[in-house]
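Protein chains in written order, with the working numbering: chain P, 1 to 343; chain U, 1001 to 1301.
These are calculated hints, taken from the structure and not from any lab test. As the structure is a computational prediction, the values presented were derived from the model and not from experiment. Each residue gets a CB set at the ideal place from its N, CA and C atoms; glycine is no exception. One should not assume that every hint holds.
Reference listing, derived: stretches of chain U covered by chain P, where coverage requires no fewer than 3 residues with Cβ under 8 Å from a Cβ of chain P [as the list claims (entries may be wrong)]:
1) 1046-1053
2) 1083-1089
3) 1136-1147
4) 1154-1161
5) 1178-1190
6) 1212-1221
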Amino acid sequence: MSSPSSQSVKVPPSPSVEGAEGGTAGPGAEPARRPSAWRSRRYRWDTKFSPYAYVAPFFVFFVAFGLFPLLYTGWASLHQVELTAPTDMNWVGLRNFSRLMSDEFFWNALRNTVTIGILSTVPQLVIALGIAHLLHYKLRGSSFFRVAVLTPYATSVAAATLVFVLLFGRDYGMFNWALGMLGVDPVDWQNGTLTSQFAVSTIVIWRWTGYNALIYLAAMQAISPDLYESAELDGASRWQQFRHVTVPSLRPTILFTVVVSTIGATQLFGEPLLFSGSAGATGGSDHQFQTLGLYLYEQGWVNLHLGRASAIAWTMFLILVLIGLVNWLISRRLTKSEKGSRS
Amino acid sequence: MSTTAVRDEVRAPRDLKPERTRGVRKAGRQRHAGKLTYAILIVFTVGSLFPLVWTAIAASRNNTRLAQTPPPFWFGGNLFKNLEIAWTDANMGTALLNTAVVAGSVAAGTVLFSTFAGFAFAKLRFRFKNLLLLLVIGTMMVPPQLSVVPLYMMVAKLQWTDQLQSVILPTLVSAFGVFFMRQYLMEALPIELIEAARMDGASSIRVMWHIVFPAARPAMAVLGMLTFVMAWNDFFWPIIALTQNGSPTVQVALTGLGRGFIPDQSVIMAGALLGTLPLLIAFVLFGKQIVGGIMQGAVKG
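Can you make the complete structure from the sequences, with help from the hints?
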């Protein structure tokens, strides 16, 4: 263990270290050298072990509250566990999973999660890209705009959802009132399947578009101006520049935001929970906007089946791994085709 | 050397502003925004701010007025009355205090531990470093819901339900934070500085205190703010671990308002306003820094 670490932290030979080295080599040397020998040993121990001491707190907490629970979820998913007695676990094998597969509410929740995920992620990222493009112009009050588009990010899920419940209200909501001005009949946002999913997606879009716009903006600022210069020399219009310079340069960032938003969409929970008002964790009277996260909560903390909740959690995990894999494949193909087209 | 000096020096290669304007003039790229750009941005800004403003408007009315069309567009006179009701009914005083404690400890813990670990990953060499770093990055993407059942079992067994440590401890460290600090310190901290200090016989704690912390300060501030916002708004785990009538955070208390037997919408809005206000004030004060932090993190990540 000693050689790589002690060598790697390059300690240039300083007088005190050298003297100390001599002290350890000859133990019978003058006693005056002893303290410095001790100091040098302490010094070496310090360089050798301090890295571990620095990462230790993180990993202690991480193992206790991150890794262990994650693995234990898998273990718990093979048991019947009641919320009222979480320590009583009865082995049931894969029964929680097979139940899940034949549970129409699971498939409903999965479907809803996918639909709401698409409804919220796609417009959010497209709008964010557009806004980032506009923010990239030379603007008066640019920092005002940047802070303003980020304020929804500071609003909690709970506060945002409570407001949107009112705005989407069927009888007195602002949106229906505005639609009424345009001559459209009031929409029962909460009780329709698509309308409620649209409404829930709106909350997500509202909270995250500005945040993503800033991320795109940062990436845009890192694009070399030379690229635009040569595009301009080639007579590319603004739109063509955006299409052929900006978007390709942003590809890694776009992929990153897609991954992050997809993960966010998979765990969507607070918005559908609070959007149903007093209906609780069902995600609407007809489960029309119940997501997987909400379904997990309902199974575990309303129906008291922690084992089944764990099975849902692990299924979500597998879905995420699958999404990650697909993403990885796509990004690999993209980079490959890019290389191909360049050569 | 003052912090700003360090920051400027440190960020110089990354800070794209001067570079950009120069390159732009050359390339004729960074055009001034046209009227249409302003128009769209203003519409978007209004859309971003409107729900918050309307929260305040609704909070200043009463329930009867909110059940009429057209909806109110201007403030009424009931704001303080509603705030008071929300304050007492939803346990808001306790909730705000609890949330401040939780978000404060989580932010402090995350910043401290992330700086130590991020420094080790950025500048020190030790066994299993790459493996451990891979583990950190790999867990950045794992959603908290996956571990919520065992966490609940732990909390129940330790009888921590409704105690703040049940929400503080599980989020006290963050993989994102470690990665963020590592990325920053990789560039911000010249290895020569550490070596020179080492040569003078400085212990690693002294190096940490006198060299790493000063260099990391800007990133620590950003990470602290981002973590604070996240912890303040955290929802899923707190509503499992805490109860509305015991020791709630603001978010937990708000669910009580929304679902309880007080159907008074203006009071609900007053509660939402109370829970959001501290962060909004922080945004007015530090908005620029938070924006800078998010953008900086984006380029690095």
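How the hints compare with the structure:
1. 1046-1053: holds (count 5)
2. 1083-1089: violated (count 0)
3. 1136-1147: holds (count 9)
4. 1154-1161: holds (count 3)
5. 1178-1190: Since 1 is below three, the answer is violated.
6. 1212-1221: Violated: only 0 residues of the region 1212-1221 of chain U have a Cβ under 8 Å from chain P.
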